[in-house]
Amino acid sequence: MRRTTLPLHAIAWIVGAFILVPIVYALLGGFKSTDQLSTNPFGLPDPWVTENYTQVLGSGSFWRQLWNSTFIAVATTAIVVLLSAMAAYVFARFAFRGRELLFTVFTVGLMFPFAVAILPIFVMLRTLGLLDNPLGVILTQAAFGLPLTIIILRGFFRSVPGEIEEAATIDGCTPFGFFWRILLPMARPALATVSVLAVVGSWNTFMLPLVVFSDETAWTLPLGVQQFQGQYTSDIARVLAYLVLAMVPALGFYAVAERHLIGGLTAGATKG
Amino acid sequence: MTTLTRGPQAPALAARARPPRRRRRPWMTITLFVLPALVLFLLLVVAPIAVALYASVFRWNGFGGLPTDFVGLDNFTRLFGTEVFRQDVWHLGVIILLSLGVQLPFSLAIAMLLHQRVRGRAVYRLVFFAPYVLSEVITGVLFSLLLSPDAGLANQLLGVFGLESEWLADTGTVLPSVFLVMTWKYFGFHMMIYLAGRQNIPEELIEAAQIDGATPWRVFRHVTLPLLGPTIRISVFLSVIYTIQLFDLVWILTEGGPSHASETMAVTMMEFGFGRHQVGYASAISVVMFGLSLVFALVYQRFVMRRDLEGATTSMGDHR
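From first to last, the protein sequence lines are chains A and B.
Take 1 as the starting number for the first sequence in full-length UniProt numbering and just add one per residue.
Take 1 as the starting number for the second sequence in full-length UniProt numbering and just add one per residue.
Chain A on its own, in the form it takes in the complex (with noise of 0.2 Å):
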């Protein structure tokens, strides 16, 4: 049955060269001068030069872009999980009528693309005073993650017994203190893969803040490489140096979140 691994292994590292070789290309790339990268572009650096890195490092831009996103992430998680905890909280176990198509409301929501609503959106927040503003963003994010949020934070409620409600509810506790103090606690693993989920929706999304923010100090990091890159356009291992540093972020958390994330994206496809 056992046969040689051999060409499977071949396959497998041919693939990871095909995923390795852009970033690994770009993380020495930054350590060239641009002209290094046109007559060595194979090798190491030689010499090496750190000033793409440190200058990049240096720049007050990069790291207000940073902050914005993270402010941005991280308002938008808390108000799209909370949002949705306490929507879910309903849908999972209150029953009243009506219950069923409120929650069909928000599931349709989940096949409305994004795109279609930018124009309209871009016309109610210059109406309302939002553009520039990261609430802009944040808001508009949140609601277009609530369907995802409430449909995998029902199923989880769903599954708390409902003996453990009894109890809380005999020894006095309303339905808030419930849901505060047992309920959340107890899904805290769901909350975790919601969360990550929407850190990492709110990290990379470009279309949103590309047309609500036209002042530079409002700018996310997905702006500012667009922008980088266009602004130095023949100085190519700078930019190189740019993605790199914006990569950090997104992989660091990665690596920290990487089971959150993958259990939460295949859990609905597979639904087991």
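Hints in this document: simulated from the structure, not taken from any laboratory.
A virtual CB, placed ideally from N, CA and C, is assigned to each residue, including glycine.
Be careful, since some hints might not be right.
Derived DEER-like restraints, expressed as beta-carbon distance ranges [what the hints assert, rightly or not]:
| hint | chain 1 | residue 1 | chain 2 | residue 2 | range |
| --- | --- | --- | --- | --- | --- |
| 1 | B | Gly93 | A | Leu27 | 34 to 44 Å |
| 2 | A | Thr104 | B | Leu158 | 49 to 59 Å |
| 3 | B | Pro176 | A | Leu6 | 22 to 32 Å |
| 4 | A | Phe42 | B | Thr82 | 38 to 48 Å |
| 5 | A | Ala17 | B | Leu42 | 23 to 33 Å |
| 6 | A | Leu27 | B | Glu255 | 19 to 29 Å |
| 7 | B | Pro226 | A | Trp180 | 15 to 25 Å |
| 8 | B | Thr82 | A | Ala78 | 55 to 65 Å |
| 9 | B | Ala47 | A | Ala10 | 47 to 57 Å |
| 10 | B | Glu255 | A | Glu51 | 23 to 33 Å |
| 11 | B | Glu207 | A | Ala78 | 26 to 36 Å |
| 12 | B | Asp69 | A | Ser214 | 20 to 30 Å |
| 13 | A | Gly230 | B | Glu207 | 55 to 65 Å |
Fit chain B to the supplied structure of chain A, relying on the hints for placement.
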């Protein structure tokens, strides 16, 4: 992941979880808990989409309250008559075909490979999935540098064999190049879904087929593949819905060029909506995107997914 299982016992639990005491003022609790989410959702998801539908039958520059210059279906007739939009539709078809014909089979093959007990498979999985967490902007900028015709790494590598290409700069190669970048970023995601699906198949079924003398190919074709059906159907669904609204990657890589050869509906919509302030016309494009997603989702769920619907809805949003 058992968190999402909604077995037959779940409704019973929910019913039992309704102790008499809470009946006193359940409406207040229900309202207070659902209202914030509902208001946000109606205001920023439902209303904008309704406005887009409404605006698509007006000539409108996006200013001065709701549109007033009613033009009926003019925006749509104009849209369907333009070459650029017809190209958008063609590109959508090409990318969907490439995704379903190349990217997903490739992901499936790699998933099957990693399901074997290959040494280091945990590391491979981690690496293959990593591009998924990078934003489309980072991916796009990275590849626009790698694929640049003169100084890019791709041509420096291929130049050794005399196989340089214009990549993103040539109308003939731009769409396959964009697809290549999409595959780099997303095959790991589909691979991960297939791996999870494969792990849910009981090994006894595979072993039984092997004992009956089936060749590895026949085991895959007649046992593994059918049992992976629901998983594959969902990944196809996600892939198509993603492609309908493809924007970020194309915008960064090519802005739809050269001469519209890689343009997508979302790119055209953004150009008309924000570049030329033809918001009514751009809304007509977004309505087409909306209609395509809706029709596809309904038809697909009705005829293809049928009973495996439950899982589908839970991971749709993540490609945004």
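Structure-based check of each hint:
no.	hint	in the structure
1	Gly93/B to Leu27/A: 34 to 44 Å	37 Å, holds
2	Thr104/A to Leu158/B: 49 to 59 Å	52 Å, holds
3	Pro176/B to Leu6/A: 22 to 32 Å	31 Å, holds
4	Phe42/A to Thr82/B: 38 to 48 Å	45 Å, holds
5	Ala17/A to Leu42/B: 23 to 33 Å	49 Å, violated
6	Leu27/A to Glu255/B: 19 to 29 Å	27 Å, holds
7	Pro226/B to Trp180/A: 15 to 25 Å	46 Å, violated
8	Thr82/B to Ala78/A: 55 to 65 Å	44 Å, violated
9	Ala47/B to Ala10/A: 47 to 57 Å	55 Å, holds
10	Glu255/B to Glu51/A: 23 to 33 Å	30 Å, holds
11	Glu207/B to Ala78/A: 26 to 36 Å	48 Å, violated
12	Asp69/B to Ser214/A: 20 to 30 Å	27 Å, holds
13	Gly230/A to Glu207/B: 55 to 65 Å	57 Å, holds
Of the hints listed earlier, those the structure fails to meet are numbers 5, 7, 8, 11, in rising order.
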